[in-house]
Amino acid sequence: MNKFFNWLLLAGSYLRLNLRSHLEYRGAFFSQVIAMILNNSLWLIFWSIFFKRFPVLHGWDFNDVITVWGVTAAGYGLATGLCGNAIALPTLVLRGQLDAWLMYPRALLPHLVLGKMTATSWGDAIFGYAVFVLFVRPDLEHFFLFVLFTLTTTVLLIGFFVLIGSLSFFIGNAESITEQWRFSLITFSTYPATLFHGGVKLLLYSFIPAGFVSYLPAEALKTSSVGLTLITIFAALVMLGLGFAAFYLGLRRYESGNLMDLKG
Amino acid sequence: MNSLRKYAWIAFTAARSNLAYLGEVSSRLIFLTVILYIFLRLWQDTYDYSGTGKLGDFSLNQMLWYLTVTEAILLSGPKVSQLIDEDVRTGSFATHLVRPMSYPLYRLAMCLGERVVRFISNMFAGCLVTSVLVGPSSLQWSGFWFLLLALPLAFVLDFLGNFLVGLGAFWIEDTSGLLLIYSRGTMLIGGVLLPLELYPTSVQPLLKILPFANIAYAPARLFVNPTLTDLLLVLSRQLFGVALLGSAVYLVYRVAQRRVFINGG
Numbered sequence: 084m085n086k087f088f089n090w091l092l093l094a095g096s097y098l099r100l101n102l103r104s105h106l107e108y109r110g111a112f113f114s115q116v117i118a119m120i121l122n123n124s125l126w127l128i129f130w131s132i133f134f135k136r137f138p139v140l141h142g143w144d145f146n147d148v149i150t151v152w153g154v155t156a157a158g159y160g161l162a163t164g165l166c167g168n169a170i171a172l173p174t175l176v177l178r179g180q181l182d183a184w185l186m187y188p189r190a191l192l193p194h195l196v197l198g199k200m201t202a203t204s205w206g207d208a209i210f211g212y213a214v215f216v217l218f219v220r221p222d223l224e225h226f227f228l229f230v231l232f233t234l235t236t237t238v239l240l241i242g243f244f245v246l247i248g249s250l251s252f253f254i255g256n257a258e259s260i261t262e263q264w265r266f267s268l269i270t271f272s273t274y275p276a277t278l279f280h281g282g283v284k285l286l287l288y289s290f291i292p293a294g295f296v297s298y299l300p301a302e303a304l305k306t307s308s309v310g311l312t313l314i315t316i317f318a319a320l321v322m323l324g325l326g327f328a329a330f331y332l333g334l335r336r337y338e339s340g341n342l343m344d345l346k347g
Numbered sequence: 050m051n052s053l054r055k056y057a058w059i060a061f062t063a064a065r066s067n068l069a070y071l072g073e074v075s076s077r078l079i080f081l082t083v084i085l086y087i088f089l090r091l092w093q094d095t096y097d098y099s100g101t102g103k104l105g106d107f108s109l110n111q112m113l114w115y116l117t118v119t120e121a122i123l124l125s126g127p128k129v130s131q132l133i134d135e136d137v138r139t140g141s142f143a144t145h146l147v148r149p150m151s152y153p154l155y156r157l158a159m160c161l162g163e164r165v166v167r168f169i170s171n172m173f174a175g176c177l178v179t180s181v182l183v184g185p186s187s188l189q190w191s192g193f194w195f196l197l198l199a200l201p202l203a204f205v206l207d208f209l210g211n212f213l214v215g216l217g218a219f220w221i222e223d224t225s226g227l228l229l230i231y232s233r234g235t236m237l238i239g240g241v242l243l244p245l246e247l248y249p250t251s252v253q254p255l256l257k258i259l260p261f262a263n264i265a266y267a268p269a270r271l272f273v274n275p276t277l278t279d280l281l282l283v284l285s286r287q288l289f290g291v292a293l294l295g296s297a298v299y300l301v302y303r304v305a306q307r308r309v310f311i312n313g314g
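So the protein lines, in turn, are chains A and B.
Positions in the first sequence are counted from 1; adding 83 to them yields the numbering used here.
Positions in the second sequence are counted from 1; adding 49 to them yields the numbering used here.
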């Protein structure tokens with residue numbers, strides 16, 4: 084338990100440090116946050132036009148799409164806001180830039196992933212929570228359940244990004260493939276689950292785990308299902324474990340880039 | 050003439066260098082396949098649900114081919130504004146000014162050369178995926194030729210929009226936010242995600258004359274529903290858009306140039 088709080092303190096310190104560094108360029112930071120909120124809002128306009136014309140799609144309505152968007156955006160925002168280096172992992176490995184992180188006296192992976200923040204992430208996170216509260220208007224129980232699911236999505240996404248990013252240790256240049264993989268996951272996560280059947284559905288609960296990112300949380304929120312909630316939490320922890328395992332397995336194959344690098 | 054050949058050569062070099070990155074090209078096609086598959090499922094269910102063979106004058110087959118073209122256009126867009134942003138931020142913009150060529154035309158040539166290669170590869174993969182998903186298109190050959198006629202000005206229009214966003218770097222610290230809004234504007238009010246015919250009737254006339262609509266919507270619509278009248282209308286709207294955005298680029302670029310300070314020896 085003590086160890087867990089230690090890690091939380093570490094995450095808090097990195098968050099404060101990264102935020103301060105971004106706020107040195109206040110204009111750029113806030114313009115990126117606002118642009119991301121506007122960007123996501125444009126998607127909601129698309130869905131509102133769609134559902135105005137076709138009110139229900141296989142039992143899904145506008146509020147269901149808002150829910151998957153809310154969970155995905157908030158989860159993605161928190162994941163890349165807190166652990167921005169998780170998506171930069173392929174580049175760091177490819178260029179041999181892990182050396183500076185290897186010198187830290189504590190476990191490598193947490194320091195590495197926490198070391199960077201993406202400004203637009205906060206736009207995603209704010210958008211996710213705001214649209215859920217404004218459009219779905221949940222009661223307190225559903226709001227807390229929603230917050231829980233944004234956290235499971237955050238954990239799952241961090242694990243997933245580390246897992247696919249670790250491919251770079253094994254196949255060399257994995258920048259492009261991991262980027263497409265990430266885009267595919269986020270894209271699938273923001274469309275109604277009922278569109279997909281058969282083999283594709285299987286894919287969405289394995290290689291592209293959109294099912295665990297947003298479909299199960301949306302269903303659990305709708306039905307207040309304890310079973311689905313537990314499955315979602317379990318899936319997030321398994322993905323995090325897989326990410327850790329893949330990273331440390333791959334690290335044995337890491338070759339230094341012999342770069343001089345200093346972290347303040 | 051000599052000057053034209055210079056820019057044509059830049060475009061050719063950009064196209065050839067883009068061809069060298071086949072890995073990047075093929076991974077982009079994965080995303081295109083995912084998007085087309087999702088759209089297919091979305092629209093298949095929507096057509097089933099609505100119980101009609103046509104939505105906004107589009108059959109399911111036409112809708113999928115329409116979206117194939119709009120996505121191929123959208124995903125073929127090279128990084129224009131990011132490069133300008135970088136040139137301004139790093140100061141390499143100043144070194145471009147002493148070269149015996151116009152900076153905007155240099156960027157335009159680079160953009161067109163790169164975009165042609167990316168569009169052809171996207172279209173090739175898109176046609177393959179869509180043919181497998183909904184069968185061969187019921188399209189006419191004239192649609193293909195009309196698309197080819199509408200594409201050059203569509204690419205120029207998109208370039209001008211991106212160039213304007215990139216010039217924003219002279220005034221603001223980071224243009225990525227502006228770019229995000231511009232690209233989503235192209236997607237939403239430019240008809241990339243759904244044809245403008247499915248928008249509320251009251252906003253359709255306005256959306257159709259905006260430059261955004263003439264980048265993806267108009268060429269894609271000509272592809273699935275080609276008529277000579279529409280072709281002439283699209284070309285005239287594109288020319289108007291190029292004149293409008295071109296003037297804006299000219300004015301902003303002139304003001305921006307005054308903000309360049311060159312020091313050193």
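Treat the hints as calculated values from the structure; they're not laboratory data.
Every residue gets a Cβ at the ideal spot worked out from N, C-alpha and C, and that includes glycine.
Hints are not guaranteed to be accurate.
[As the list claims (entries may be wrong)] The following label-pair restraints were derived from C-beta to C-beta distances:
| hint | chain 1 | residue 1 | chain 2 | residue 2 | range |
| --- | --- | --- | --- | --- | --- |
| 1 | B | Gln189 | A | Thr270 | 27 to 33 angstroms |
| 2 | A | Asn256 | B | Arg148 | 53 to 59 angstroms |
| 3 | B | Ala143 | A | His280 | 55 to 61 angstroms |
| 4 | A | Glu107 | B | Thr62 | 52 to 58 angstroms |
| 5 | B | Gln306 | A | Tyr108 | 54 to 60 angstroms |
[Claimed, not checked] In silico DSS-like links for lysine-lysine, alpha-carbon gap of 27 angstroms or less:
| hint | chain 1 | residue 1 | chain 2 | residue 2 |
| --- | --- | --- | --- | --- |
| 6 | A | Lys199 | B | Lys128 |
| 7 | B | Lys128 | B | Lys257 |
| 8 | A | Lys135 | B | Lys257 |
| 9 | A | Lys284 | A | Lys305 |
| 10 | B | Lys55 | A | Lys135 |
| 11 | B | Lys128 | B | Lys55 |
| 12 | A | Lys305 | A | Lys135 |
| 13 | A | Lys305 | A | Lys199 |
| 14 | B | Lys55 | B | Lys257 |
[Said to hold, decoys possible] In silico contact screen, one side only, chain A against chain B (beta carbon under 8 angstroms); selected entries:
| hint | residue |
| --- | --- |
| 15 | Arg103 |
| 16 | Leu106 |
| 17 | Tyr108 |
| 18 | Ser114 |
Against the structure, the hints come out as follows:
Checked against the hint of 27 to 33 angstroms, the C-beta distance between Gln189/B and Thr270/A comes to roughly 32 angstroms, which is consistent with it. A hinted range of 53 to 59 angstroms for the beta carbons of Asn256/A and Arg148/B is inconsistent with their spacing of about 32 angstroms. Restraint check, Ala143/B to His280/A: a C-beta distance of roughly 57 angstroms satisfies the suggested window 55 to 61 angstroms. About 39 angstroms separates the C-beta atoms of Glu107/A and Thr62/B, a value inconsistent with the hinted range of 52 to 58 angstroms.
Distance hint check for Gln306/B and Tyr108/A: the Cβ-Cβ separation is about 25 angstroms, which falls outside the suggested range of 54 to 60 angstroms. About 24 angstroms separates the Cα atoms of Lys199/A and Lys128/B, which keeps this hinted pair within 27 angstroms; it holds. With a CA separation close to 26 angstroms, the supplied pair Lys128/B and Lys257/B stays within the 27 angstroms bound. Between Lys135/A and Lys257/B the CA atoms are separated by roughly 21 angstroms; this keeps the pair inside 27 angstroms, and the hint holds.
Distance check on the hinted pair: Lys284/A and Lys305/A sit about 20 angstroms apart at the alpha-carbon level, within 27 angstroms; holds. Distance hint between Lys55/B and Lys135/A is unfulfilled; the C-alpha atoms sit about 52 angstroms from each other, more than 27 angstroms. Distance hint between Lys128/B and Lys55/B is fulfilled; the C-alpha atoms sit about 21 angstroms from each other, no more than 27 angstroms. Between Lys305/A and Lys135/A the alpha-carbon distance is near 21 angstroms, which keeps this suggested pair within the 27 angstroms criterion.
At roughly 35 angstroms between alpha-carbon atoms, Lys305/A and Lys199/A are farther apart than 27 angstroms, so this suggested pair is violated. Taking the CA atoms of Lys55/B and Lys257/B, the gap is near 35 angstroms; set against the 27 angstroms cutoff, the hint is violated. Proximity of Arg103/A to chain B is violated relative to the hint, the smallest CB-CB distance being about 16 angstroms (cut-off 8 angstroms). Taken as an interface hint, Leu106/A does not check out: its beta carbon lies about 12 angstroms from the nearest beta carbon of chain B, beyond 8 angstroms.
A hinted interface residue such as Tyr108/A counts as satisfied when its beta carbon comes closer than 8 angstroms to some beta carbon of chain B; here the least separation is about 5 angstroms, so the hint holds. Taken as an interface hint, Ser114/A checks out: its beta carbon lies about 4 angstroms from the nearest beta carbon of chain B, inside 8 angstroms.
In terms of the numbered hints stated before, the structure departs from hints 2, 4, 5, 10, 13, 14, 15, 16, listed from lowest to highest.
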